[in-house]
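Trainee: Sequence:
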Amino acid sequence: MLGGSLAGRWDRVTVSRWSYVLAVVAVAGVVWVPGPALYPFVALTSVGLYVPFSLQVTLGQDYLPSRIGTASGVTLGLTVSIGGLAGPALGSLADATSLGTALAPLVLMPVLSRLLFDTLREPGGARRRDTTPGAAPGHGDGATAVPTAPGHRSPKP
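Take the numbering used here: the last position of the sequence shown gets the number 455, and nothing is skipped along the way.
Since the hints were made in silico from the structure, they are not lab data.
Note that beta-carbon positions come from the ideal geometry of N, C-alpha and C, so glycine has one too.
You may find that some hints are simply not true.
Unchecked claim - Computed Cβ-Cβ distance ranges for the label pairs, DEER-style:
#1 Arg365 with Pro334: 46 to 56 Å
#2 Trp308 with Tyr361: 15 to 25 Å
#3 Tyr361 with Val319: 19 to 29 Å
#4 Met299 with Ala387: 25 to 35 Å
Go ahead and model the full structure; you've got the sequences and the hints to work with.
Mentor: Right, here's the structure in full:
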């Protein structure tokens, strides 16, 4: 829900980019901050990694508007599959070395995500909205029109 709220104010690509910046710092804190001081970093890691999750699914759907189901399936399927493959490998590395050594490479994953997101643009333009109290959606709120899939018609106002 936080990702959708933030994307309502800024576009999804921008929110995802900044979420990954937060995630780099947060994951580094989880790996290298000792004792109870690591708990805020755990909370920030969850925010930094989960905020862009739903935004990525909707971005995939907008990048492939005629294949919404495929876009969702690929986005979610790759995420779960890569996590499923990496888990045992990280566990084996932790068994052979230490937990810190196994988790240290994970700091680079949000860096990679941020770099990849730097190549993306919001499809159909940014979806910025006016946050003026009492502003009704679609009535002078500055929201741009969202393109629909080919063959679909937009509802009449």
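Trainee: Indicate, hint by hint, whether the structure satisfies it.
Mentor: Now for the hints, and whether the structure bears them out:
Range check, Arg365 to Pro334: Cβ separation about 47 Å, and the 46 to 56 Å hint holds. A hinted range of 15 to 25 Å for the beta carbons of Trp308 and Tyr361 is consistent with their spacing of about 18 Å. Remark: the range hint 19 to 29 Å for Tyr361 to Val319 is upheld by a beta-carbon distance near 22 Å. Look at Met299 against Ala387: about 32 Å separates their beta carbons, and that is inside 25 to 35 Å.
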